[in-house]
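Participant: Residue numbers (this note's numbering), protein chains in the order written: chain L, 259 to 369; chain E, 385 to 498.
In case anyone wonders, no lab produced these hints; they're calculated from the structure. Just so it is clear, CB atoms sit at the ideal spot from N, CA and C, and this is done for glycine as well. Any given hint could be a false lead.
Said to hold, decoys possible - Subject to a maximum C-alpha distance of 27 Å in a straight line, what follows is the list of computed DSSO-like cross-link-like pairs (lysine-lysine):
#, chain 1, residue 1, chain 2, residue 2
1, E, K395, L, K368
2, L, K361, L, K339
3, L, K364, L, K339
4, E, K401, E, K441
5, L, K361, E, K395
6, E, K399, E, K441
What the hints assert, rightly or not - Taking beta-carbon pairs under 7 Å as the criterion, some of the chain E residues facing chain L (in silico):
#, residue
7, D408
8, L427
9, F489
10, Q491
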Amino acid sequence: GQSLEQPSEVTAVEGAIVQMNCTYQTSGFYGLSWYQQHDGGAPTFLSYNALDGLEETGRFSSFLSRSDSYGYLLLQELQMKDSASYFCAVRNGGSQGNLIFGKGTKLSVKP
Amino acid sequence: GAGVSQSPSNKVTEKGKDVELRCDPISGHTALYWYRQSLGQGLEFLIYFQGNSAPDKSGLPSDRFSAERTGGSVSTLTIQRTQQEDSAVYLCASSTRQGAGSAFFGQGTRLTVV
Numbered sequence: 259g260q261s262l263e264q265p266s267e268v269t270a271v272e273g274a275i276v277q278m279n280c281t282y283q284t285s286g287f288y289g290l291s292w293y294q295q296h297d298g299g300a301p302t303f304l305s306y307n308a309l310d311g312l313e314e315t316g317r318f319s320s321f322l323s324r325s326d327s328y329g330y331l332l333l334q335e336l337q338m339k340d341s342a343s344y345f346c347a348v349r350n351g352g353s354q355g356n357l358i359f360g361k362g363t364k365l366s367v368k369p
Numbered sequence: 385g386a387g388v389s390q391s392p393s394n395k396v397t398e399k400g401k402d403v404e405l406r407c408d409p410i411s412g413h414t415a416l417y418w419y420r421q422s423l424g425q426g427l428e429f430l431i432y433f434q435g436n437s438a439p440d441k442s443g444l445p446s447d448r449f450s451a452e453r454t455g456g457s458v459s460t461l462t463i464q465r466t467q468q469e470d471s472a473v474y475l476c477a478s479s480t481r482q483g484a485g486s487a488f489f490g491q492g493t494r495l496t497v498v
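Looking at chain E on its own, in the form it has when it is part of the complex (with noise of 0.2 Å):
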């Protein structure tokens, strides 16, 4: 696609339930990224995929977060039994490997844990 896509751009869940967030990246882009902004803060890492290596985990904030990409595209951020400090926005990131500095961001989803 043109751009990256995330689904659902909204979201509200009851506290205890899973969720799973989807950030589908730019064709060819081989980095892809997942960050977590609550409202009015900053970006906080919480997983990077870069080809084929090893994700980076080390953003993750407990083992109630995981995130998986299959076939080097798709990405699935999976939280479970969500507690309400989980509510912020969730955003996707891609980037090409001679990326550098540039990363292209989705649009984000709002997830609401009342």
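Excised from the complex, chain L in its bound form (with noise of 0.2 Å):
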């Protein structure tokens, strides 16, 4: 079956960078995807790798090694408002299959 594995708590203070990594193992791998959800909100995408390597949105980056079953997301120049859960999601045994989520990586951000 499918799991992900995240840290379930991360603080690090304003200005700093961050790492927030996940590892997977799945049957059929398509892809790792980033999503954020603040307290009482609805989760949000924030990026998709489906090859190796890092991408870069702002001051968010996601990196991945299929290789490794690894990813993770860096999040640079942390401000308070990013603290927030952090969840990584695979697809399900297909590139149509389901989304299925880590428990998350709660992300605290103190000044």
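With the hints as a guide, dock the two chains, each given alone in a separate frame, to form the complex.
Facilitator: The structure is reproduced here in structure tokens:
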């Protein structure tokens, strides 16, 4: 079956850089996605990696290594508003399969 | 509509009653997902619809849970004989067939069973 592992909590200071890791086990890999969810809000899509390497979108970057079944989300120049939960997700069993999510990493940004 | 719409936003029901939760996906999105999220927890997959294919019901926790999607658009998640452990936020998401990893979520229905 599919499973994703993420650290449960990370704390960092404003202005710093933080990396949140995700390791996965899946049958038939079709890309790794990242979502952000603020307390009381809905998850919102951040990024998607289908191929190895780094994808950058502003202060957010996402990395994938398919050979290691590993990815990470990198946030630079942390702001207080980045305090949220971050979930990685993979497609289950096919390019049109459902999305399975990890349990998420809760990021706390301190002043 | 502009985004995924879910109704009601909040629902309080008595134990043993049936409830229906509605999801109106983004127009043109062929894929529709239901998830359940308890306070401070991750997203638990419930059911997935993709176009005209048979739905993936592998995440439904018991036979008290069912869902349908009419006309490839609106979906209804039904919970029969609700139990207190059903209390959670129920999230719906939709995506295009080519949407890869990008799904768009509604604001959810907060269900409280008393």
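Participant: All hints, please: hold or fail.
Facilitator: A quick look at each hint next to the structure:
Restraint check: the Cα-Cα separation between E:K395 and L:K368 comes to about 35 Å, which exceeds 27 Å; the hinted pair is violated. A C-alpha spacing of about 21 Å is found between L:K361 and L:K339, which places the hinted pair at or below 27 Å, so the restraint holds. Among the hinted pairs, L:K364 with L:K339 is consistent with the structure: their alpha-carbon atoms are about 13 Å apart, no more than 27 Å. Of the pairs offered as hints, the one joining E:K401 and E:K441 holds, with about 22 Å between alpha carbons and a cut-off of 27 Å not exceeded.
The hinted pair formed by L:K361 and E:K395 meets the criterion: a straight-line CA distance of about 25 Å does not exceed 27 Å. Among the hinted pairs, E:K399 with E:K441 is consistent with the structure: their alpha-carbon atoms are about 24 Å apart, no more than 27 Å. A cut of 7 Å between beta carbons decides the hint on E:D408: the least distance to chain L is about 14 Å, and the hint is violated. Taking 7 Å as the C-beta contact cut-off toward chain L, the hint placing E:L427 at the interface holds, the least distance being around 4 Å.
Satisfaction of the interface hint for E:F489 is found here, the shortest Cβ-Cβ separation to chain L being roughly 4 Å, below the 7 Å cut-off. Satisfaction of the interface hint for E:Q491 is found here, the shortest Cβ-Cβ separation to chain L being roughly 5 Å, below the 7 Å cut-off.
Figure legend: structure checked against the earlier numbered hints; hints not met, in rising order: 1 and 7.
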